[in-house]
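There are 2 protein chains.
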Amino acid sequence: MNTPVTEPSTNQPSLDMGELSPHAEGPRLIAATSSGDHLALHWVDGSQAHFPLLWLRDHCSCSECRHPLTRERLFVPLEDIDEAPRSTLVEGGLRLQWADGHVSLYDAVWLHQRRPGDDADPNGTLTRLQRPWPEAFAPEHVKYSDFMTTDGERHWLEVLLRDGLVVLDDGPLIDEEVSRIAGRIGPMRATNFGARFDVYSKPNPNNAAYTAIGLALHSDLPNWRQPPDIQLLYCLQNEAEGGESLFADGFAVAERLRVEAPEAFRVLSETPIDFRFQDEEQDIAARAPVIALDDRGRLKEIRFNNWIRDTLRLPLDTIDAWYRAYRQFWLLLHDPRHQIEFALEPGQMVAFDNRRVLHGRRAFDPSTGRRHLQGTYLDIDMIESRLRVLQRRT
Amino acid sequence: MNTPVTEPSTNQPSLDMGELSPHAEGPRLIAATSSGDHLALHWVDGSQAHFPLLWLRDHCSCSECRHPLTRERLFVPLEDIDEAPRSTLVEGGLRLQWADGHVSLYDAVWLHQRRPGDDADPNGTLTRLQRPWPEAFAPEHVKYSDFMTTDGERHWLEVLLRDGLVVLDDGPLIDEEVSRIAGRIGPMRATNFGARFDVYSKPNPNNAAYTAIGLALHSDLPNWRQPPDIQLLYCLQNEAEGGESLFADGFAVAERLRVEAPEAFRVLSETPIDFRFQDEEQDIAARAPVIALDDRGRLKEIRFNNWIRDTLRLPLDTIDAWYRAYRQFWLLLHDPRHQIEFALEPGQMVAFDNRRVLHGRRAFDPSTGRRHLQGTYLDIDMIESRLRVLQRRT
Numbered sequence: 001m002n003t004p005v006t007e008p009s010t011n012q013p014s015l016d017m018g019e020l021s022p023h024a025e026g027p028r029l030i031a032a033t034s035s036g037d038h039l040a041l042h043w044v045d046g047s048q049a050h051f052p053l054l055w056l057r058d059h060c061s062c063s064e065c066r067h068p069l070t071r072e073r074l075f076v077p078l079e080d081i082d083e084a085p086r087s088t089l090v091e092g093g094l095r096l097q098w099a100d101g102h103v104s105l106y107d108a109v110w111l112h113q114r115r116p117g118d119d120a121d122p123n124g125t126l127t128r129l130q131r132p133w134p135e136a137f138a139p140e141h142v143k144y145s146d147f148m149t150t151d152g153e154r155h156w157l158e159v160l161l162r163d164g165l166v167v168l169d170d171g172p173l174i175d176e177e178v179s180r181i182a183g184r185i186g187p188m189r190a191t192n193f194g195a196r197f198d199v200y201s202k203p204n205p206n207n208a209a210y211t212a213i214g215l216a217l218h219s220d221l222p223n224w225r226q227p228p229d230i231q232l233l234y235c236l237q238n239e240a241e242g243g244e245s246l247f248a249d250g251f252a253v254a255e256r257l258r259v260e261a262p263e264a265f266r267v268l269s270e271t272p273i274d275f276r277f278q279d280e281e282q283d284i285a286a287r288a289p290v291i292a293l294d295d296r297g298r299l300k301e302i303r304f305n306n307w308i309r310d311t312l313r314l315p316l317d318t319i320d321a322w323y324r325a326y327r328q329f330w331l332l333l334h335d336p337r338h339q340i341e342f343a344l345e346p347g348q349m350v351a352f353d354n355r356r357v358l359h360g361r362r363a364f365d366p367s368t369g370r371r372h373l374q375g376t377y378l379d380i381d382m383i384e385s386r387l388r389v390l391q392r393r394t
Numbered sequence: 001m002n003t004p005v006t007e008p009s010t011n012q013p014s015l016d017m018g019e020l021s022p023h024a025e026g027p028r029l030i031a032a033t034s035s036g037d038h039l040a041l042h043w044v045d046g047s048q049a050h051f052p053l054l055w056l057r058d059h060c061s062c063s064e065c066r067h068p069l070t071r072e073r074l075f076v077p078l079e080d081i082d083e084a085p086r087s088t089l090v091e092g093g094l095r096l097q098w099a100d101g102h103v104s105l106y107d108a109v110w111l112h113q114r115r116p117g118d119d120a121d122p123n124g125t126l127t128r129l130q131r132p133w134p135e136a137f138a139p140e141h142v143k144y145s146d147f148m149t150t151d152g153e154r155h156w157l158e159v160l161l162r163d164g165l166v167v168l169d170d171g172p173l174i175d176e177e178v179s180r181i182a183g184r185i186g187p188m189r190a191t192n193f194g195a196r197f198d199v200y201s202k203p204n205p206n207n208a209a210y211t212a213i214g215l216a217l218h219s220d221l222p223n224w225r226q227p228p229d230i231q232l233l234y235c236l237q238n239e240a241e242g243g244e245s246l247f248a249d250g251f252a253v254a255e256r257l258r259v260e261a262p263e264a265f266r267v268l269s270e271t272p273i274d275f276r277f278q279d280e281e282q283d284i285a286a287r288a289p290v291i292a293l294d295d296r297g298r299l300k301e302i303r304f305n306n307w308i309r310d311t312l313r314l315p316l317d318t319i320d321a322w323y324r325a326y327r328q329f330w331l332l333l334h335d336p337r338h339q340i341e342f343a344l345e346p347g348q349m350v351a352f353d354n355r356r357v358l359h360g361r362r363a364f365d366p367s368t369g370r371r372h373l374q375g376t377y378l379d380i381d382m383i384e385s386r387l388r389v390l391q392r393r394t
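The listed protein sequences correspond, in order, to chains A and B.
Reading the first sequence from the start, the letters are residues 1 to 394 in the UniProt record's numbering.
Reading the second sequence from the start, the letters are residues 1 to 394 in the UniProt record's numbering.
Please keep in mind that the hints were generated in silico from the structure rather than gathered at the bench.
All C-beta atoms, glycine included, are put in the ideal place defined by N, C-alpha and C.
Accuracy of the hints is not assured; some may be wrong.
Unchecked claim - Distance ranges between label pairs, derived from CB positions: (1) A/Ala-99 <-> B/Asp-317: 37 to 47 Å; (2) B/Glu-91 <-> A/Phe-342: 45 to 55 Å; (3) B/Ile-213 <-> A/Ala-292: 33 to 43 Å; (4) A/Asp-294 <-> B/Val-76: 53 to 63 Å; (5) B/Val-76 <-> A/Asp-16: 17 to 27 Å; (6) B/Ile-213 <-> A/Pro-134: 23 to 33 Å; (7) A/Phe-342 <-> B/Val-44: 23 to 33 Å; (8) A/Arg-131 <-> B/Ile-213: 39 to 49 Å.
Please build the complete structure, drawing on both the sequences and the hints.
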């Protein structure tokens, strides 16, 4: 089918495939053969694959099929492709001329990476990097001055996705530094507590965080349909006695629960409960299980916050079992094997995945000194996006 | 068990149950009898229910068990309750004195509404109100001046949750009015396009919306793990020829697909695909099915945006079926029975549920006049919360 081209074409075919990331290295294409409504491609490394014609037409990146500025797809795959295109191997890839004269170009490596049947999830950065905490887990620290470099920031992002927690050291003691750090990555996720919040002991708190009491491990805002993903907590002052930060890897502990107390795991993952926060201005409620799984049974999210558990509305014969399961998870989370503790120093910032890693703090005595953290939230999409963009530069 | 109280107590029991909403009217409690680790309650209307003791202890709203300012739960249910409390009927409710001397009060109606086994979802505002569009659906309009009253705003919120779309009429032609309207309800949900975006024809667009081309029906930002829920689009100028707004109820059409083309529905709801947006600053990607169902098979979300469909990565033998299913859904959505069309006038604002209702627009000719919309997003949690708060006032 490697027929020379004769028909004219007005579209501007392109090998860039609409991608901003540089194409990776890969094998050269050596043959293209038509077979019914598929095209069979062969690479020099011996790999081969079949591509449906409609798939090929749909992925044309010419200026008619992809908007030349936005790079968005303009082609809509509403028609079957009845006639095989004329295919030609060209420098770097494949050229197809369709029955209507339209010409498409495809990069050989781009095609190789997207062979049908190779169902890797190239965009699933989070899932690929995630690693549960071992016992005696010690969080990784990144220096602020390193974070300000491309490599340092990239490392910080990777650790955050891998461990669900990373500590930044030696940052400046400047009001709103946490907002500037967030701004490098993406827009802050605003909630009923604002886009950026101050954590200190307040006279009229609407939230336990704004008191001086100890806070057992919890996740923030499980009463939202979509709780915030990533929390940044920047320490400006920490002179009060107490107030050490507490963390536990909710995913690692839930996996332990799955093994040690499968019935408790089942109850917590199959029973939606209500979470709710009320103040004069808001009444925000959501129903979801404490442990959320995806359709393959993998951990997706932990919602754990005893303060804003709403009325437990369950059938009578399941209530005691739910409390038992909750207690087992509570005790496992707060077990010293799983709960880590450290005092944040001024100029340190902890970033953690609020849907995976639970956080808390020891009580502090506000009469012994000031404790002041500034916090904000980021969508995890922004963490992954930032990492992909920084990877373009390497 | 209605024994008179003798032990002293330091806690301050309360009948308010930590709720800010006024208690509804309901039947009077007439008897409380102990039965093992449950308490059986009887109301004057003949209803009765069993309450586990630990449940009752967990829901105590005294000042030790609920923070008196934040109203958040302080009690942690880590111990079994081995001994039945002494119960007394009091004006408006029930008084329990526990073995350790702790005293709890419960409002009779509050208990009646929360009888175990009555598994209504009191916080599930959205699901309760949702109603699919009939054929020849005409959107409901609310006047701006009405919206500025409690009843008018409440109606606007209810229509938005019910139909997934509501039009505001006769608003002022003031820059940023859309931000002020959003600010009444909750914080704006910022994305890579900003917290508040302008929709007009731009010289260097990074998004098809910022051109003058026609936009087929789509949902915004399906390439985010959590696409924005509610979109507000406020029209400031619309003098150009064309540019009519298009909408379809994605849920109603998906239900139609489920009946008319069950195989297409199955393919679209069971096949995660990739969505991705790239520009110089961002590379935001997510994998999800076009039609997302909850674990009971009910529609949860539609992700439909042909511009930012990324490479279709599927096993070879499923690709043609996916394109067929996509085409069937596309054609059904754009069918004149389902797609509605109207020109937004200056001072009109359309609000719609971006995870349910698809939107688009006809091409316009920027040489014939200016077309300028301002938009933002809100979390649906904020819509529901605002409705609950306004309901307190009635």
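Hints, verified against the model:
no. : hint                                : result
1   : A/Ala-99 <-> B/Asp-317: 37 to 47 Å  : 25 Å, violated
2   : B/Glu-91 <-> A/Phe-342: 45 to 55 Å  : 51 Å, holds
3   : B/Ile-213 <-> A/Ala-292: 33 to 43 Å : 39 Å, holds
4   : A/Asp-294 <-> B/Val-76: 53 to 63 Å  : 29 Å, violated
5   : B/Val-76 <-> A/Asp-16: 17 to 27 Å   : 57 Å, violated
6   : B/Ile-213 <-> A/Pro-134: 23 to 33 Å : 53 Å, violated
7   : A/Phe-342 <-> B/Val-44: 23 to 33 Å  : 57 Å, violated
8   : A/Arg-131 <-> B/Ile-213: 39 to 49 Å : 45 Å, holds
Checked against the numbered hints given earlier, this structure breaks hints 1, 4, 5, 6 and 7; the rest are met.
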